[in-house]
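Taken in order, the sequence shown gives residues 1 to 326; the numbers are from this note's numbering.
Since the hints were made in silico from the structure, they are not lab data.
From a predicted model like this one, the values you see are computed outputs, not experimental measurements.
Glycine residues also receive a C-beta, built at the ideal position from the N, C-alpha and C atoms.
Do not rely on the hints blindly, as some may be mistaken.
Once the Cα atoms are required to be at most 25 Å apart in a straight line, the calculated DMTMM-like pairs of lysine to aspartate or glutamate come out as [what the hints assert, rightly or not]:
| id | residue 1 | residue 2 |
| --- | --- | --- |
| 1 | K241 | D272 |
| 2 | K241 | D137 |
| 3 | K215 | E66 |
| 4 | K215 | D48 |
| 5 | K127 | E15 |
| 6 | K112 | E269 |
| 7 | K300 | E109 |
Using C-beta positions, here's what the derived DEER-type ranges look like [claimed, not checked]:
| id | residue 1 | residue 2 | range |
| --- | --- | --- | --- |
| 8 | E264 | R118 | 24 to 32 Å |
| 9 | Y216 | A31 | 16 to 24 Å |
| 10 | T296 | K127 | 32 to 40 Å |
| 11 | E284 | Y28 | 48 to 56 Å |
| 12 | Q301 | P192 | 27 to 35 Å |
| 13 | P91 | D311 | 52 to 60 Å |
| 14 | Y28 | N313 | 53 to 61 Å |
| 15 | E297 | P91 | 45 to 53 Å |
| 16 | E111 | R183 | 40 to 48 Å |
| 17 | N313 | P91 | 51 to 59 Å |
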Amino acid sequence: MPLFNQYHYEPLCREDAVRLILLNPAKYQTAPLRCSITQHCRSTQLEDYAAVSYAWGRCELSRTLEIGWDDVSYLRITPNVDALLRVLRTPNEPRYLWIDAICLNQDDETEKAQQIPRMRRIYAEAKEVHIWPGLEDDMTAKLFTFFRKANQLREAKQQEMASRMAHPMRKVLHDKYDGSGPRTIVNFFNRPWFSRRWVIQEACLANRGTVHCGKYSIPLPVVTLAAARFQSLDMSSYTIKMATNLGLSTAELSLLDLVWTFHEADCLEPKDRIAALLGLLPLEQPFHLDYAVHWTELYKQAASSILEHGDNNTKLQMMLHLIEFG
Numbered sequence: 001m002p003l004f005n006q007y008h009y010e011p012l013c014r015e016d017a018v019r020l021i022l023l024n025p026a027k028y029q030t031a032p033l034r035c036s037i038t039q040h041c042r043s044t045q046l047e048d049y050a051a052v053s054y055a056w057g058r059c060e061l062s063r064t065l066e067i068g069w070d071d072v073s074y075l076r077i078t079p080n081v082d083a084l085l086r087v088l089r090t091p092n093e094p095r096y097l098w099i100d101a102i103c104l105n106q107d108d109e110t111e112k113a114q115q116i117p118r119m120r121r122i123y124a125e126a127k128e129v130h131i132w133p134g135l136e137d138d139m140t141a142k143l144f145t146f147f148r149k150a151n152q153l154r155e156a157k158q159q160e161m162a163s164r165m166a167h168p169m170r171k172v173l174h175d176k177y178d179g180s181g182p183r184t185i186v187n188f189f190n191r192p193w194f195s196r197r198w199v200i201q202e203a204c205l206a207n208r209g210t211v212h213c214g215k216y217s218i219p220l221p222v223v224t225l226a227a228a229r230f231q232s233l234d235m236s237s238y239t240i241k242m243a244t245n246l247g248l249s250t251a252e253l254s255l256l257d258l259v260w261t262f263h264e265a266d267c268l269e270p271k272d273r274i275a276a277l278l279g280l281l282p283l284e285q286p287f288h289l290d291y292a293v294h295w296t297e298l299y300k301q302a303a304s305s306i307l308e309h310g311d312n313n314t315k316l317q318m319m320l321h322l323i324e325f326g
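Make a model of the complete structure from these sequences and hints.
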């Protein structure tokens, strides 16, 4: 790729501006990926757009995204982003998307520090959040069918009834997957997306969440409810527990509650242990996120906020969390 054809980001025109991509349609999956990158002010009505939630994985920038119409430039993207864009691309209509790998200038730390506190609004105002755990495998179609069947337990609200259904579910798992059902389910929930910390608010804030594995898709609530059913079958793992928790209402949870609930979720930056959860705080508990500060300062600010909005039990809970997790 010639250097003079590389895409160069224009600075955001206003403090409240965000970028969206307008992904070109294509009738064939193998057609080159092409989009335009546009800026939109948050003080005005944004175009109808969908946001994308995925795990970054290896930052191997080995694929190319064409940008522009006449004077085409190029942006390097990862194979994971390439694959998900090809699935989300429609045959006939362009579509607006927000995806961090493209809509944020990854080489501009100042811009990222300004944009990260706005993740709450970006995901909450999207008409849909497309969740990408990765490509399909040989078991995906059967697994998604089973998830839908597991949701038939929705009416079994009493634990006694759920327990009575446990044996039939185990039998279906064994018959449908030749005894490999539990391992198939655990392998699905062990995909990196389910252990990533930033996806918590991305999924919980979604007006409508859709999980895509390659060409197969399923509503997020079906997945979270199925995960809850699997916990009743003694198939619990942290990632299954996290998938279950993505179905919880977080409206009444404090920052300390969120830290406890999602304590095992992964992130690369220490400050993201706090920053990735702030979008779920009730609006009456505002927390001004300055992403440019050192993580130790952010932790101090978080501790002060927890104490300010806590009760007599808060100090004890903070000490227990410190003892348990350091």
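Identify every previously stated hint that the structure contradicts and give their numbers, smallest first.
Hints that this structure does not satisfy do not exist here, as all of them hold.
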